[in-house]
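*Asks:* Top line first, the protein sequences correspond to chains D and V. Heads up: the first sequence at position 98 corresponds to 98 in our numbering, and the numbers run straight through without jumps. Heads up: the second sequence at position 550 corresponds to 1550 in our numbering, and the numbers run straight through without jumps.
Among the hints, erroneous ones may be present.
In silico lysine-lysine, DSS-like type, Cα no more than 25 Å apart, as pairs [to be verified]:
hint, chain 1, residue 1, chain 2, residue 2
1, V, K1360, V, K1300
2, V, K1523, V, K1511
3, V, K1269, V, K1466
4, V, K1549, V, K1523
5, V, K1544, D, K79
6, D, K28, V, K1535
Output of the computed footprint for chain V on chain D, the stretches with three or more beta carbons under 8 Å from beta carbons of chain V [as the list claims (entries may be wrong)]:
hint, segment
7, 44-54
8, 65-77
9, 82-94
10, 97-104
Please keep in mind that the hints were generated in silico from the structure rather than gathered at the bench. For every residue, glycine included, the Cβ atom is placed at its ideal position computed from N, Cα and C.
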Amino acid sequence: METLTNPTVNPELVSEEKWELRLYVAGKTTKSVAALNNLNKLCEEYLKGKYIIEVIDLLQHPQLAEGDQIFAIPTLVKKVPEPIRKIIGDLSNEEKVLVGLNIRPAK
Amino acid sequence: MVEVNKLLPKTPTGIVGLDEITEGGIPTARPTLICGAAGSGKTLFSIEFIVKGALEFNEPGVFMAFEEKAEELSLNVASLGFDLEALQRNNLIKVDHVHIERSEIEETGEYDLDGLFIRLGYAIDSIGAKRVVLDTIENLFSGLSNQSILRAELRRLFQWLKEKRVTAIITGEKGDGFLTRQGLEEYVSDCVILLDHRVSRQISTRLLRIIKYRGSVHGTNEYPFLIDADGISVLPITSLKLEHSVSSERVSSGIPSLDKMLEGQGFFKGSSILVSGTAGTGKTSIAAYFANETCKNKKKCVYFAFEESPQQIIRNMRSIGIDLQEHIDNGFLEFHASRPTLNGLEMHLVAIHKIVKRFKPEAIILDPITNLITVGAVSEVKAMLIRLIDFLQAEQITVMFTALTLTTVINEQTDEGVSSLVDAWLLVRDIEFNGERNRGLYIMKSRGMRHSNQVREFVISNEGLKLVDVYLGPEGVLTGSAREAQQLMEETGVVLRTHAVTRKDREIERKRMVLQAKIESLKEEFESVTEELNKSYVEEELRKEVMEKNREQIIKSRHNGNINKSDS
């Protein structure tokens, strides 16, 4: 599966940009943990060395929710590269996450 | 009401009228659903709830906007005189705009709305909010596709709001066959308020109805409400009870001769007076006189003009000797002129309500109510006027309506059907006679007092209004020049009669003088006769005396002669 999806990745895009990712969670819920695990796995696979993941626990920093317009948990926010995208849910659908992160163009 | 409050604590919304309908407000610490079509006033309704809470009830509030941005919202409510930004700076209000951009969002797998909970919780805790508005939470449905998650989360949200002990308003857009598009009414079961916006005869009316209010008594009717410069006013209209207190105080009509027809004292304070008549019979003049009199007595009066502009009325009334401008300047008189078509009937009622509540007048004038017919059917106008009279009577405000009678034939039931409602009814009617039209004024009824049953001629002149007794001639009532002729004739009669009387007096005087003279002459005559008599009597005496003397002399001399003769 993984090797099959590789050819569709835009090599230029991947090579030049740095992904700044923020994952908003609320405590250590199963959904949050799953999301973080899924994210780590994807990043390692497709963006190795070109990403930063910042995990924000809203239970500790509730004031940060407003700034990034967070309403669902977990939410992954990709600020850079543009455009800003939000991916909500436990990131279990790899296809959708890749599209959301502009790693793969939407079909 | 007190007992109700014991059962269910209520939070006053601060929206004029709504707290009366709900007998105290919306349920405290529970969510209330406000639904309605687009543009029905949901957002304004909820923002007013928040602002009034912060300003009047010392209850900070969180406004979570799913539609409008905070800046847009501030701008929109600035026209109502609410300074949202200042309130936010003072930590009385927190506005949080939840922006959901469908195109930015991807959904993968399981999620929940904890982010929203945390955000809301943080906002509530940061200012100690007691009130929360979620406007319009259904926007979540257009932003997110997983309906089953959303529904479960909404259910949890409302439960969570209850646990947070905040009084919440949730707004929802009206859907097909449902109160809200997403069936929010399922989740919010305590209190549901429906806002409606209806157009009939090109006139729009906003209406509010409480669909459900668990555990509380509430009005079930549709109540019209108004959005204007001061926000929302709901009109609790139908007071079905007839228990207003009444006053036996009297107020002058401003026309002394009219007061005279009403036991010499005028109308009852707090009563309703209808002045009806055909076009140009001076209804407005009567109304203006009443306004003038009220203001002259340092009482406040509001004049609702539906036909003429205030300037026009002021100018026209100057020509009959009253200056209304002066009262306006002194703050005793207010004019409110609007075309009837400006609002629906109910809106007019709400507007009148508001003005009365603010200005607190002792008398109001509606001139003329006939024009309201252009906005609603007769029965609707009547219903509106009933409610208006109810309200004014409760407030002890005297009201004068003018109404145009469309036919010259006296129409006894007429006049928007209010004649049975009003306490006093003056009818001004054209009397056509002798080639001219004159005005006749009748008091058709005046409850609770003896009033004149006579027709008076109603004269409008430079000096003002006057009621003149009409003359009854062989051909009926005489008015205008016929009356003047009759008056003249009577005056002539009086002069003639006076003349006759003085002539007779003089005659008698003369006769008296003649007799007096006669008496005098007789007296003289008598005196002369007496004198005559006296004279002859004295003469007789004298003669007698003289004769006596002479006789004695003769006798004496006779004696002497004898002696002498003998000696010789």
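*Asks:* Do three or more residues from the segment 97-104 of chain D put their C-beta atoms closer than 8 Å to C-beta atoms of chain V?
*Replies:* holds (count 3)
*Asks:* Between the alpha carbons of K28 of chain D and K1535 of chain V, is the straight-line distance 25 Å or under?
*Replies:* Not OK: K28 of chain D and K1535 of chain V at ~167 Å, beyond 25 Å, violated.
*Asks:* K1269 of chain V and K1466 of chain V: Cα distance at most 25 Å?
*Replies:* 22 Å, holds
*Asks:* Count the residues of the segment 65-77 of chain D whose CB lies closer than 8 Å to any CB of chain V, then report whether that count reaches three.
*Replies:* holds (count 9)
*Asks:* Just to be careful, I want the Cα atoms of K1523 of chain V and K1511 of chain V compared with a cutoff of 25 Å; is the pair within it?
*Replies:* Cα-Cα ~18 Å, so holds.
*Asks:* Count the residues of the segment 44-54 of chain D with a beta-carbon closer than 8 Å to any beta-carbon of chain V: does the count reach three?
*Replies:* It is violated: at least three residues are needed, and the segment 44-54 of chain D offers just 0 whose Cβ sits closer than 8 Å to chain V.
*Asks:* Does K1523 of chain V lie within 25 Å of K1549 of chain V when you go C-alpha to C-alpha?
*Replies:* 38 Å, violated
*Asks:* Does K1300 of chain V sit within 25 Å of K1360 of chain V, going by the straight-line distance between their CA atoms?
*Replies:* 7 Å, holds
*Asks:* For K1544 of chain V and K79 of chain D, compute the direct alpha-carbon distance and say whether it is at most 25 Å.
*Replies:* 176 Å, violated
*Asks:* Has the segment 82-94 of chain D got at least three residues whose CB is nearer than 8 Å to a CB belonging to chain V?
*Replies:* With 11 residues close enough to chain V, the hint holds.
Checked against the numbered hints above, the structure breaks hints 4, 5, 6 and 7 and satisfies the rest.
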